[in-house]
Structures are given as C-alpha cells and as structure tokens.
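Respectively, the protein sequence lines represent chains L and A.
At position 158 of the first sequence (counting the first as 1) the number is 158 in the working numbering, and the numbers step up by one without a gap.
At position 172 of the second sequence (counting the first as 1) the number is 172 in the working numbering, and the numbers step up by one without a gap.
The hints are simulated quantities; they were obtained by calculation from the structure and are not laboratory data.
Treat the hints loosely; a few may be bogus.
Which copy? The list can't say, so a pair holds if one copy fits it or any two copies do.
Computed cross-link-like contacts, PhoX-like style, restricted to lysine-lysine with a CA-CA straight-line distance of at most 25 Å [unchecked claim]:
| # | residue 1 | residue 2 |
| --- | --- | --- |
| 1 | LYS185 | LYS276 |
| 2 | LYS105 | LYS17 |
| 3 | LYS18 | LYS239 |
| 4 | LYS153 | LYS270 |
| 5 | LYS318 | LYS336 |
| 6 | LYS28 | LYS150 |
| 7 | LYS33 | LYS225 |
| 8 | LYS225 | LYS307 |
| 9 | LYS336 | LYS120 |
| 10 | LYS62 | LYS153 |
| 11 | LYS318 | LYS270 |
| 12 | LYS161 | LYS33 |
| 13 | LYS28 | LYS151 |
| 14 | LYS33 | LYS43 |
| 15 | LYS153 | LYS33 |
| 16 | LYS45 | LYS28 |
| 17 | LYS239 | LYS17 |
| 18 | LYS28 | LYS105 |
| 19 | LYS33 | LYS150 |
| 20 | LYS318 | LYS62 |
| 21 | LYS120 | LYS206 |
| 22 | LYS33 | LYS239 |
| 23 | LYS336 | LYS225 |
| 24 | LYS195 | LYS216 |
| 25 | LYS123 | LYS304 |
| 26 | LYS310 | LYS190 |
| 27 | LYS151 | LYS43 |
| 28 | LYS269 | LYS206 |
| 29 | LYS315 | LYS304 |
| 30 | LYS150 | LYS304 |
For clarity, every value in this text was computed on a predicted model and none was experimentally measured.
There are 2 protein chains.
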Amino acid sequence: MKKTTGLNELNLISEIKKIASATQDFNKTLLIKSIGDDAAVFKDKNSILVSSDSITENVHFKLKYYSFHDIGAKSILVNLSDIAAMGGVPRFFILSLFIPSYITKENIKETINGIIGVAKAYKIALIGGNVSKASEFSICIAIIGDQQTKKSKVIPRYSAKPGDLIFLSGEIGNSWLVHHLLENKELIEKFLEEKPEKRLIESFIKNFILPVPRVKLGMELARLKLADSLTDVSDGIYKDIPNLLNQAAGQTSGANIFIEELPLNHNLKKITGILKIKDYLSNAISFGEDYELLWTSGVENEDKIFKLSKRLKIKINKIGTVIDNSNEVCFFEGKKRFIPDNKTYRHF
Amino acid sequence: MKKTTGLNELNLISEIKKIASATQDFNKTLLIKSIGDDAAVFKDKNSILVSSDSITENVHFKLKYYSFHDIGAKSILVNLSDIAAMGGVPRFFILSLFIPSYITKENIKETINGIIGVAKAYKIALIGGNVSKASEFSICIAIIGDQQTKKSKVIPRYSAKPGDLIFLSGEIGNSWLVHHLLENKELIEKFLEEKPEKRLIESFIKNFILPVPRVKLGMELARLKLADSLTDVSDGIYKDIPNLLNQAAGQTSGANIFIEELPLNHNLKKITGILKIKDYLSNAISFGEDYELLWTSGVENEDKIFKLSKRLKIKINKIGTVIDNSNEVCFFEGKKRFIPDNKTYRHF
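Could you put the whole structure together from the sequences, leaning on the hints where they help?
So, in structure tokens, the structure goes:
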C-alpha cells in the first residue's frame with residue numbers, strides 16, 4: 001500500500017491497513033507478502049484470473065443517493081462479478097482510491113468499511129493499493145482470482161454452440177429501477193405523497209441498491225462443467241448476449257430470446273405499474289448493472305442446472321437458445337418479434 | 001477490456017486493442033487469455049508480484065506542461081519501478097482510464113501510444129482494463145510481475161542489517177528540478193530572457209521529464225543476491241530510507257547518510273546556481289519521484305556491486321551505512337550534521 005500524494009496519507013493508509021487487517025488471513029497459504037512493500041507477492045499453481053473495474057462519482061454513483069458504505073461495497077462487488085463470470089475463485093484485491101478535498105476522514109473510513117465488509121463476506125484479502133488526491137471521488141480495484149482446481153476450467157465468453165440453451169440467474173431490471181427511482185426521487189415522492197406505496201419503493205431501493213455477484217454459482221458451473229460460455233450482465237442482456245456467441249470466422253451464431261422467460265421482480269412490475277412506466281421491459285433488457293450470470297449450456301445439462309438452482313437457492317431461468325448462422329439476437333413475445341429500445345444508458 | 005460507461009467506448013476500446021496488439025506476444029508462454037473476456041487468465045510457476053499506481057491530472061501532472069504521450073509513458077514507468085523495487089520481472093498490466101469530456105480521441109490515442117511504447121520497450125503485455133467517464137484525467141495501472149527463477153528471491157523492504165552499506169542508483173533531484181522549472185516556467189523565461197542558459201534548461205527538462213525504472217538493475221540485484229533490502233525512491237530518500245530499515249521489535253536500526261556521496265547531476269548544480277536556488281540539496285532529498293533504486297547490502301558485496309554498475313552502465317553510489325539501535329536517519333556533511341528541510345511535497 002503506497003501513498004501517491006496529498007492528503008494526510010500516512011494516517012489514511014494506517015487506517016486502511018487497520019480495517020483491512022481482518023482480511024489478512026484469507027487465502028493465506030497462497031500469500032507471501034501483503035500490504036507494506038513495493039508490491040504484494042503470492043504463489044499459485046492454478047491458472048490466475050485478473051480483472052479491474054472502476055466506479056466514479058457522478059458517473060456510477062451520486063453522493064446524495066449513496067452512502068459511503070454502499071459506494072465502497074459496490075466498488076468491490078462489481079469486481080467480484082468479473083471473477084464469477086469466469087467461474088473462478090476470488091482471492092485478493094488491490095485498491096486505488098482517488099480522494100477529493102470534500103471527502104472527510106469519516107467518509108473514507110465508511111467507504112473502507114463497506115469494501116472490507118464485502119471482502120470478509122467473500123473471504124478475499126486486500127494486498128495493496130495506493131491513494132491519490134483528485135477532484136472527484138473514484139475507486140479503482142484490480143481483483144485477482146484463480147481456477148478452483150487444475151481440473152476445473154475457467155469459462156470464457158464467445159464459446160456458445162448452436163443448439164445450446166441460454167440461462168440467466170436471478171432477475172434483471174432491478175438495478176435500472178433503483179437507478180430510475182433515485183434519479184427521480186423528489187418527483188416520485190411528490191406524486192405519491194403519503195401513500196403506502198412509498199414504503200414499497202423504499203424497501204425496493206434498499207433491497208436492490210447493491211448487486212449480488214454470483215461467485216458460488218460461477219464456481220459450481222465451472223466445477224460441474226455446466227456452461228460452454230459465460231459472462232455477467234453488466235451492460236444489459238441486449239449487449240451481453242452477443243458476448244456469449246461464437247464469433248469465429250464463418251461460425252457467426254445468433255440467439256432467440258423469449259420475453260416471457262425473462263425474470264422480472266414482481267415488485268418491479270408493481271412499482272412500474274404505480275408510476276405508469278410503460279417501457280420497463282426495454283429498460284430491464286438494456287440498462288445492465290444487474291451482475292447476474294448469463295451462460296449457455298447443452299440441452300443435456302438442463303436438469304442438472306435446475307437441480308443446481310434448487311441446491312444453491314438461486315433462481316435460474318432458461319431464457320432462449322443459441323441458433324446457427326444468424327449473427328443476430330432476436331427477442332420474441334409469444335410468436336411476435338419484440339424490438340427493445342436500445343437505450344444506450346450512460347448512467348447519468 | 002471492459003467498458004464501464006459513457007464515451008464512445010466501443011470505438012475507444014477497439015482503438016486501445018489495436019495499439020496494444022503490438023504487446024500481445026510478450027510473455028505469451030504464461031498468458032492463457034488476454035483482453036476481451038471478463039478477466040485475463042495466466043499461469044505462473046514462480047512467485048507473482050502485483051502492485052498498482054495511479055496518476056491524476058493536477059496532482060501528478062498538468063496538461064499544459066506534459067504531452068499526452070509523456071503522461072501515458074509516465075503512468076506505466078512508475079508502475080514498472082515497483083516491480084524493479086522487488087527485483088522482479090514485469091510481465092503484464094491492466095489499464096484503467098478515467099476520461100473527462102475535454103480529452104479528444106486524438107489525446108487518448110497519444111496517451112495509449114505513450115503507454116504502449118513503454119510496454120514494448122519493457123516487453124510487457126496489456127491484458128485488460130476498463131474505461132470510465134470522469135471530470136479529470138486519471139490513469140490507474142495494476143502491474144503484474146514475477147520472480148525470475150525459483151531460486152532468485154524477491155527482495156523486500158525492512159530487511160537491512162546493521163553494518164550494511166546503503167546504495168543508490170542514478171541521481172536524485174532531477175525530478176524535483178524539472179517540476180520546479182515547469183511550475184515556474186514563465187518567471188524563469190522572463191528572468192533568463194534570451195540567454196543561452198535557456199537551452200540548458202530546456203534540454204534538462206527533456207532529459208528528465210520521464211523517470212527510468214531500474215528493472216534490469218533490480219533483476220540483477222535479485223539474481224546475484226546483492227541486496228538485503230530494496231525499494232525505489234518515490235517519496236525522496238528522506239522518507240524512503242526508513243523503509244529499508246528493520247523495524248522488528250527490539251531491532252530498530254538507523255542510518256547515517258553522507259551528503260557528499262549523494263549523486264546530483266552537474267546540470268542540476270549549474271541550473272540551481274543560475275537561478276539562485278539555495279535549498280536544492282534539501283529538495284533533492286525530500287521531493288522524490290526519482291524512481292532510482294535504493295538498497296542495502298553487506299560490505300562483502302561492495303566490489304560486486306560496483307562491477308555490476310560498470311557492466312550495466314548505471315551509476316551506483318554508496319551513500320551511507322545502516323547502524324544499530326538508533327531508529328533515526330542522520331545526514332552528515334563532513335562531520336557536521338545536516339538537517340534537510342522536510343518539505344512534504346504534495347506535487348501541486
């Protein structure tokens with residue numbers, strides 16, 4: 001953990017180290033050197049996964065809607081999802097903080113508590129990082145994971161076979177609705193006045209403000225070889241499904257998706273009904289940030305996948321099929337073609 | 001390489017991939033999956049090093065003084081220095097870009113060219129990353145390296161033994177002077193008018209605007225076991241020397257540093273003379289960002305170290321000794337104690 005500049009860094013870094021000490025026993029057999037040197041050192045006989053993701057104020061969150069605890073938690077949750085999307089085991093992470101002058105020491109502590117709370121839940125260790133002054137608040141995390149055993153493969157994108165079924169965990173659209181509700185908070189409150197629906201909305205926001213990375217599910221899909229191609233829903237299934245499809249020369253596959261099979265939360269339907277939001281389906285398809293797993297698997301695995309769903313208590317839906325030589329993702333509502341508004345959401 | 005939000009990301013990422021393709025052959029035997037999936041995948045039998053460093057506009061650079069090419073180059077050079085400071089071999093890196101609206105596509109291309117130019121020189125591959133909108137320009141890099149061979153150890157900090165000599169590569173203070181010259185550019189130009197010294201200053205800035213990470217030297221120190229404790233000069237030797245000293249309970253060591261042995265560039269002396277800057281020595285000691293290697297080694301290794309210096313054509317100076325039970329870094333000018341101004345530079 002190095003300081004880069006500004007701030008009362010030494011205090012800040014010792015504060016981070018103190019809070020992070022709770023994670024230093026995780027994956028200890030792999031770790032040779034953690035926070036405190038020019039680099040962290042580890043050893044791993046299995047294949048190593050590495051990815052990074054950043055969240056930035058006013059792009060991914062607004063300080064008036066998110067607590068610092070939630071911002072911290074979200075920054076690491078989205079990274080965990082990348083390891084889940086390879087069927088890997090998360091192990092370590094490196095934290096880079098960009099801290100503007102209006103962020104207090106207390107704010108930073110809350111953020112770190114949010115990050116470390118998640119790290120503890122997923123048993124990953126903070127092994128290094130840096131802090132820098134900045135004019136807005138950003139968190140950049142690099143996450144390191146590995147393949148579970150030498151025998152379990154990591155699961156790539158772009159490997160779906162024609163005839164494969166397409167599966168999706170959990171629900172989509174909840175992140176979009178939370179975003180919409182927060183962005184229009186005052187308007188909605190005015191509209192609802194003191195109606196009991198207000199409480200429904202509040203509890204929906206509370207339930208879905210943070211994504212749940214499907215780490216355990218990803219690991220089981222890899223271990224049981226139940227996915228040909230795997231990714232997470234970060235940009236909306238409209239954009240994420242093509243990432244599953246084989247794009248090798250002459251092998252362009254496509255997909256048919258059945259709208260009725262898309263898993264929407266019943267409270268999402270209720271709330272969009274109350275607020276008269278008609279295009280909720282397009283939004284659920286195009287907004288993203290759901291961080292559910294999206295994968296393809298041979299028909300012969302269908303039963304095993306639904307058994308896994310029961311065992312892990314994670315909802316899994318079969319939402320479509322991979323088709324040959326089409327190079328197109330088609331949505332169907334019954335037999336009718338459904339064309340989602342491809343709103344390229346830019347998250348503010 | 002994932003997009004996080006905003007921008008015309010797809011174009012931007014394909015642009016980055018295109019420029020980065022020149023690096024995809026480096027360390028290919030270790031790499032299983034590079035840019036383009038949810039995470040990169042590699043395999044490594046040796047110990048793995050990982051570190052991150054960020055540079056931010058107005059904190060680490062101002063756009064009016066630095067070209068985008070230099071900003072890109074610097075962002076990866078400072079990370080390479082962290083691997084050098086462990087005696088490791090740099091292998092891969094992950095790039096996170098924070099891009100404000102006033103940065104053009106051309107600016108980004110230049111930045112990436114700066115980064116990839118360095119990556120090619122040091123034979124490291126870009127294996128992933130993300131881009132995000134932001135209100136100021138930042139680059140966050142996570143770098144991955146490894147121990148050269150199973151036999152060569154990585155060299156930590158905090159392992160100096162009393163009696164050890166303290167060595168420093170290259171020169172210190174050049175980064176401080178470049179910073180000072182850029183920050184006071186107009187004033188200095190006015191003062192010098194058209195004097196020939198102007199050219200001296202221009203060439204000094206050109207020579208020292210980018211640090212040179214001592215990767216080869218670090219690797220040789222590890223291979224030949226010529227360092228007990230090793231770090232790089234990022235915060236100035238005043239703060240970096242304590243990082244070499246053993247802080248284990250009851251073993252607090254100290255250091256004596258001899259000012260005459262501190263390697264200052266002759267043009268630094270000339271320019272500070274012309275500009276009548278008296279406190280150049282304190283600045284050279286306290287400013288940092290020199291990214292030279294600083295290490296300790298037993299007296300018996302002195303000859304070997306100077307032979308290495310000759311072979312690598314890198315200046316190495318013996319600047320002091322580690323002493324027992326002192327817990328203090330003392331600077332001496334002859335027999336007189338020298339107290340450097342501990343300017344805690346905040347780089348703007």
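Hint by hint, here is what the structure shows:
In this assembly of identical chains, the alpha carbons of LYS185 and LYS276 lie at most 25 Å apart only when taken from the same copy (15 Å versus 60 Å across copies). When the C-alpha separation of LYS105 and LYS17 is checked against a cutoff of 25 Å, the pair qualifies only within one copy, where the shortest distance is 14 Å, while the shortest distance between copies is 39 Å. In this assembly of identical chains, the alpha carbons of LYS18 and LYS239 lie at most 25 Å apart only when taken from different copies (21 Å versus 41 Å within one copy). In this homomeric assembly, LYS153 and LYS270 never come within 25 Å of each other (Cα to Cα): the closest approach is 41 Å inside a single copy and 61 Å across copies.
For a Cα distance limit of 25 Å, the shortest separation of LYS318 from LYS336 inside one copy, 19 Å, qualifies, whereas the shortest one across copies, 80 Å, does not. With identical chains, the CA atoms of LYS28 and LYS150 are at most 25 Å apart both within one copy (19 Å) and between copies (20 Å). In this assembly of identical chains, LYS33 and LYS225 lie within 25 Å of each other by CA distance solely across copies; the values are 19 Å between and 34 Å within a copy. In this assembly of identical chains, LYS225 and LYS307 lie within 25 Å of each other by CA distance solely inside one copy; the values are 14 Å within and 56 Å between copies.
In this assembly of identical chains, LYS336 and LYS120 lie within 25 Å of each other by CA distance neither inside one copy nor across copies; the values are 47 Å within and 52 Å between. Proximity of LYS62 to LYS153 under the C-alpha cut-off of 25 Å is found in neither arrangement, the shortest distances being 39 Å within a copy and 46 Å between copies. In this assembly of identical chains, the alpha carbons of LYS318 and LYS270 lie at most 25 Å apart only when taken from the same copy (23 Å versus 74 Å across copies). Proximity of LYS161 to LYS33 under the C-alpha cut-off of 25 Å is restricted to the inter-copy arrangement: shortest distance 20 Å between copies versus 42 Å within a copy.
Both within a single protomer and between protomers do LYS28 and LYS151 lie at most 25 Å apart by alpha-carbon distance, with minima of 22 Å and 22 Å respectively. Taking identical chains as interchangeable, the C-alpha atoms of LYS33 and LYS43 lie at most 25 Å apart whether they share a chain (10 Å) or sit on different chains (19 Å). In this assembly of identical chains, the alpha carbons of LYS153 and LYS33 lie at most 25 Å apart only when taken from different copies (12 Å versus 27 Å within one copy). In this homomeric assembly, LYS45 and LYS28 come within 25 Å of each other (Cα to Cα) both inside a single copy, at 14 Å, and across copies, at 18 Å.
Only between protomers do LYS239 and LYS17 lie at most 25 Å apart by alpha-carbon distance; the minimum there is 19 Å, versus 39 Å within a single protomer. When the C-alpha separation of LYS28 and LYS105 is checked against a cutoff of 25 Å, the pair qualifies neither within a copy, at 30 Å, nor between copies, at 44 Å. Within a single copy, LYS33 and LYS150 get their C-alpha atoms as close as 24 Å, and across copies as close as 16 Å, so both meet the 25 Å cut-off. Taking the shortest Cα distances, LYS318 and LYS62 never come within 25 Å of each other, neither inside one copy (35 Å) nor across copies (52 Å).
For a Cα distance limit of 25 Å, the shortest separation of LYS120 from LYS206 inside one copy, 21 Å, qualifies, whereas the shortest one across copies, 48 Å, does not. Proximity of LYS33 and LYS239 under a CA criterion of 25 Å is satisfied inter-copy only: 21 Å between copies versus 40 Å inside one chain copy. In this assembly of identical chains, the alpha carbons of LYS336 and LYS225 never lie at most 25 Å apart, being 34 Å within a copy and 72 Å across copies at closest. When the C-alpha separation of LYS195 and LYS216 is checked against a cutoff of 25 Å, the pair qualifies neither within a copy, at 39 Å, nor between copies, at 69 Å.
For the homomeric pair LYS123 and LYS304, neither the shortest alpha-carbon distance inside one copy (28 Å) nor that between copies (45 Å) is at most 25 Å. When the C-alpha separation of LYS310 and LYS190 is checked against a cutoff of 25 Å, the pair qualifies neither within a copy, at 42 Å, nor between copies, at 77 Å. In this assembly of identical chains, LYS151 and LYS43 lie within 25 Å of each other by CA distance both inside one copy and across copies; the values are 18 Å within and 14 Å between. Only within a single protomer do LYS269 and LYS206 lie at most 25 Å apart by alpha-carbon distance; the minimum there is 17 Å, versus 62 Å between protomers.
For the identical chains of this complex, LYS315 and LYS304 are intra-copy neighbours only, at 14 Å inside a copy versus 65 Å across copies, given an alpha-carbon limit of 25 Å. Taking identical chains as interchangeable, the C-alpha atoms of LYS150 and LYS304 lie at most 25 Å apart only when both belong to the same chain, with a minimum of 22 Å there against 43 Å between chains.
The structure fails hints 4, 9, 10, 18, 20, 23, 24, 25, 26 (numbered hints given earlier, in ascending order).
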